[in-house]
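Chain B: place on chain A using the hints.
First to last, the protein sequences are chains A and B.
The numbers in this note's numbering rise by one with no breaks, and the one at position 240 of the first sequence is 249.
The numbers in this note's numbering rise by one with no breaks, and the one at position 251 of the second sequence is 241.
Each hint should be verified, as a subset may be incorrect.
With the Cβ distance kept under 10 Å, some of the chain B side facing chain A (calculated, not the full set) [unchecked claim]: (1) I16; (2) L19; (3) G86; (4) V89; (5) I130; (6) V262; (7) V277; (8) L282; (9) Y284.
Taking lysine to aspartate or glutamate and the EDC-like style, the derived pairs with C-alpha atoms no more than 20 Å apart in a straight line are [to be verified]: (10) B:K220 to B:D197; (11) A:K38 to B:D119; (12) A:K28 to B:D119; (13) B:K114 to A:E67; (14) B:K224 to B:D292; (15) B:K220 to B:D299; (16) B:K116 to A:D132; (17) A:K28 to A:D293; (18) B:K(-3) to B:D299; (19) B:K224 to B:D202; (20) B:K113 to B:D197; (21) B:K53 to B:D66; (22) B:K224 to B:D299; (23) B:K53 to B:D23; (24) B:K116 to A:E67; (25) B:K208 to B:D197; (26) B:K113 to B:D79; (27) B:K53 to B:D39; (28) A:K129 to A:E140; (29) B:K113 to B:E36; (30) B:K(-3) to A:D132; (31) A:K129 to A:E190; (32) A:K203 to A:E190; (33) B:K116 to B:D197; (34) B:K114 to A:D293; (35) B:K112 to A:E25; (36) B:K113 to A:E25; (37) B:K114 to B:D202; (38) B:K213 to B:D202; (39) B:K(-3) to A:E140.
These are computed hints drawn from the structure, not numbers from a lab.
Every residue gets a Cβ at the ideal spot worked out from N, C-alpha and C, and that includes glycine.
This is what each chain is made of:
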Amino acid sequence: MKKKSDKANMKQGLWEYRKLVLKNFLSKKLVVLGFVITVVMALIAIFAPVIATYDPYEVDVVNRLSAPSILHFFGTDQLGRDIFSRVIYGTRISMIVGLCTAAISFVIGILLGLMAGYVKVLDNIIMRICEAMGAIPPILMAIALVSALGASIQNVVLALSIVYIPTIARVTRASTLSIKEMTYIEAIQSQGAKWSRILFRHIAPNILSPVIVQTTYIFASAIITEAALSFLGAGVPAPSPSLGNILYEAKSYIYNATWMTVFPSLFTVLIVLGLNLFGDGLRDIIDPMSN
Amino acid sequence: MIRYLCKRIFSTVCTLLILSILIFSIIHLTPGDPARIMLGSDASQEEVDALAETLGLNDPLIKQYIDWIGNALQGDLGTSYSRNGSVIDEIQSSMGPTVTLAVWAQLLTIVIALPLGVFAAKKKGKVQDSAVIAFSLLGISIPSFLLSLLLVILFGVRLQWLPVAGYKTIASSDLATHLSYIVLPVISLAMMQAAMLTRMTRASMIDVINNDYIKTAKAKGLKQRVILYKHALKHAMIPILTTIGQTFATLLSGAAVVETVFNIPGIGQLIVNSVSRRDYPMIQGIVLVISLIYIVINFVIDIFYGIIDPRIWITAKSK
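Isolated chain A, as found in the complex (with noise of 0.2 Å):
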């Protein structure tokens, strides 16, 4: 572009190799900081009941509302309870439904994208339903499901996996209609292989990364989802706790019991961050070009 000197030109490139070294760095440094975050919270979902310092069912009227102290790390609700136990309780639940979602919607998604991207009368029907289903807002759809299921924490799962399905079809679609057209794939046909083995022997572990990917992001989207639904009342039911009705319950006391709201906020948008950064490090790993 420029006419610079050799000299110049060396500084130049030292600079942009310092330059890439670093953000290479910092962006591994943003994936380990995403995966320590889901680590953590993983830990904190597993180990509940040894974290919570109080059962989180257990009700206290007199010392509701009180602001945290030592004895009350998050403060207690208006039943009482105390919220830090709860919120580990939430944590946990939280989690569950989130990897529950993204592990069914990971199997039926990619199975249903194979089909549709190799058998051509297939494409058709599975990917006019997906976008159909995909023209529906995720917090409606999951709504309406789980008033016609009943609440109920495997409803709430169930729910969600089908409005999350969509998107791993069409991504595990889009790979397969890809990889299909390469040469080895040819040469196994040429010799005659099963459809079945050309399809989950050769083309399904070539499409794994983007869908795997994909699933962090699901796995972050839904627990937002279920967050937002049982926020509205219309998810996980009380009085299990999940991060969603423990604020659900906290808006009537926002003016007075503003911890109610804030601690379970953190801890929501912790999960969702850390899954996020995870996700985006992943796709930056697989595939160089994306950023």
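Structure of chain B alone, referenced to chain A:
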């Protein structure tokens, strides 16, 4: 072009058809008798039978679907069971605040995201870029209802600058009052979408900036502002427009959630009340209307693509 149009219309009608079947099926997922569930266990068998009869639940499924879709096409979405009014009237009267919020939020989203995305693309790899990335990362990690709760605590409870509950139309008061009621919900709604659109704009702009014609424009000595906003942004616009089209329906449903924080009488309150009373016709109606808005907007945007980029009309022909 006509061919492209026909193709889009055909696929839109297909999507609508499948959508209607999906929404219709939701009520039939109910384990057991929907009428019994709607009325609760206290109701007598006669009441349940009567409700099943009025909802047409005793007819064969195909007939129920045809009746429902036939009425829906004439603008009749049935009778709300909890409010005793027609579903479409209830939705219409609640739609005002929700649409207002969504439109303002959409505007705010665009006003924040486009310049920010272009700016980040221009400064790619620099500190400013990282700052924008950090902002968008935080933005996509804070759900709108959560942000609205935190804003209520900050501006409503602590600082007491703004009203945190209720809604005033421009007609019933003045613009300033109207804005003071909706500014917090609009900001909460717009933040996540702005963050996503910023990312989209940045990525799309970076793709375009690497093209040869941008280098040519640079070599011609055009001003950077002209290059970025006139030459580059126009070409980066297609994925950006897609995102904008998809966000509007999300904003509408998001507005419904945020409304419940601010006690705004819109679709959100209608949904919450319908869910707690298991008013299935109402829930079906709301889902149908909002999805319909989504499909119509995306149809319009698809047509728009052709205007921005006429190549789309031609490639559609060859397919």
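Results of checking the hints against the structure:
For the restraint placing I16 of chain B at the interface with chain A, the shortest Cβ-Cβ distance is roughly 5 Å, inside the 10 Å limit, so the hint holds. Using the Cβ-Cβ criterion of 10 Å, the hint placing L19 of chain B at the interface with chain A is satisfied: the shortest such distance is roughly 5 Å. Interface hint at G86 of chain B: violated, since its Cβ lies 18 Å from the closest Cβ of chain A, which is beyond the 10 Å cut-off. Here the hint on V89 of chain B is broken, as its CB sits about 14 Å from the closest CB of chain A, past 10 Å.
The beta carbon of I130 of chain B is positioned within 10 Å of a beta carbon in chain A (closest approach about 6 Å), and the interface hint is therefore held. Because the beta carbon of V262 of chain B sits about 5 Å from the nearest beta carbon in chain A, less than 10 Å, this interface hint is met. Using the Cβ-Cβ criterion of 10 Å, the hint placing V277 of chain B at the interface with chain A is satisfied: the shortest such distance is roughly 5 Å. Taking 10 Å as the C-beta cut-off, the interface hint given for L282 of chain B holds, the closest approach to chain A being about 8 Å.
With a cut of 10 Å, the hint placing Y284 of chain B at the interface with chain A holds, because the nearest CB-to-CB distance is about 5 Å. Distance hint between K220 of chain B and D197 of chain B is fulfilled; the C-alpha atoms sit about 15 Å from each other, no more than 20 Å. Straight-line distance between C-alpha atoms of K38 of chain A and D119 of chain B comes to about 17 Å, which keeps the hinted pair within the 20 Å bound. At most 20 Å may separate the alpha-carbon atoms for a hinted pair to count; K28 of chain A and D119 of chain B meet this at roughly 13 Å.
Between the alpha carbons of K114 of chain B and E67 of chain A the distance comes to roughly 53 Å, so the proposed pair goes past 20 Å and is violated. For a cut-off of 20 Å, the pair hint linking K224 of chain B to D292 of chain B stands: about 16 Å separates their Cα positions. With a C-alpha separation of about 15 Å, the suggested pair K220 of chain B and D299 of chain B falls inside the 20 Å cut-off, and the hint holds. Between K116 of chain B and D132 of chain A the alpha-carbon distance is near 43 Å, which puts this suggested pair outside the 20 Å criterion.
This hinted pair checks out: K28 of chain A and D293 of chain A have alpha carbons roughly 17 Å apart, not beyond 20 Å. For the hint pairing K(-3) of chain B with D299 of chain B, the CA-to-CA distance comes to about 17 Å; that is within 20 Å, so the pair holds. Pair hint K224 of chain B plus D202 of chain B holds up; C-alpha atoms about 15 Å apart against a cutoff of 20 Å. The suggested pairing of K113 of chain B with D197 of chain B holds, with an alpha-carbon distance near 14 Å, which does not exceed 20 Å.
Between K53 of chain B and D66 of chain B the alpha-carbon distance is near 16 Å, which keeps this suggested pair within the 20 Å criterion. Taking the CA atoms of K224 of chain B and D299 of chain B, the gap is near 9 Å; set against the 20 Å cutoff, the hint holds. Note on K53 of chain B and D23 of chain B: the hinted pairing holds, with a Cα-Cα distance of about 18 Å set against a maximum of 20 Å. For a cut-off of 20 Å, the pair hint linking K116 of chain B to E67 of chain A is broken: about 52 Å separates their Cα positions.
Pair hint K208 of chain B plus D197 of chain B holds up; C-alpha atoms about 16 Å apart against a cutoff of 20 Å. Straight-line distance between C-alpha atoms of K113 of chain B and D79 of chain B comes to about 51 Å, which puts the hinted pair past the 20 Å bound. With a CA separation close to 18 Å, the supplied pair K53 of chain B and D39 of chain B stays within the 20 Å bound. A threshold of 20 Å between alpha carbons decides the hint, and for K129 of chain A with E140 of chain A the separation of about 17 Å falls inside it, so the pair holds.
Proximity of K113 of chain B to E36 of chain B is assessed by CA-CA distance (about 71 Å); at most 20 Å being required, the pair is judged violated. A threshold of 20 Å between alpha carbons decides the hint, and for K(-3) of chain B with D132 of chain A the separation of about 17 Å falls inside it, so the pair holds. Distance check on the hinted pair: K129 of chain A and E190 of chain A sit about 13 Å apart at the alpha-carbon level, within 20 Å; holds. A threshold of 20 Å between alpha carbons decides the hint, and for K203 of chain A with E190 of chain A the separation of about 17 Å falls inside it, so the pair holds.
Straight-line distance between C-alpha atoms of K116 of chain B and D197 of chain B comes to about 17 Å, which keeps the hinted pair within the 20 Å bound. Our distance criterion of 20 Å between C-alpha atoms is met by K114 of chain B and D293 of chain A, whose separation comes to about 15 Å. With a C-alpha separation of about 17 Å, the suggested pair K112 of chain B and E25 of chain A falls inside the 20 Å cut-off, and the hint holds. Taking the CA atoms of K113 of chain B and E25 of chain A, the gap is about 14 Å. The hint holds against a cut of 20 Å.
In summary, the hint linking K114 of chain B to D202 of chain B is supported, as the alpha carbons are separated by about 18 Å, within the 20 Å threshold. Under the criterion of a C-alpha separation no larger than 20 Å, the hint pairing K213 of chain B with D202 of chain B is consistent with the structure, at around 17 Å. For the given pair, K(-3) of chain B sits about 15 Å from E140 of chain A by alpha-carbon distance, which is consistent with the 20 Å threshold.
When held up to the earlier numbered hints, the structure conflicts with 3, 4, 13, 16, 24, 26, 29 and fits the remainder.
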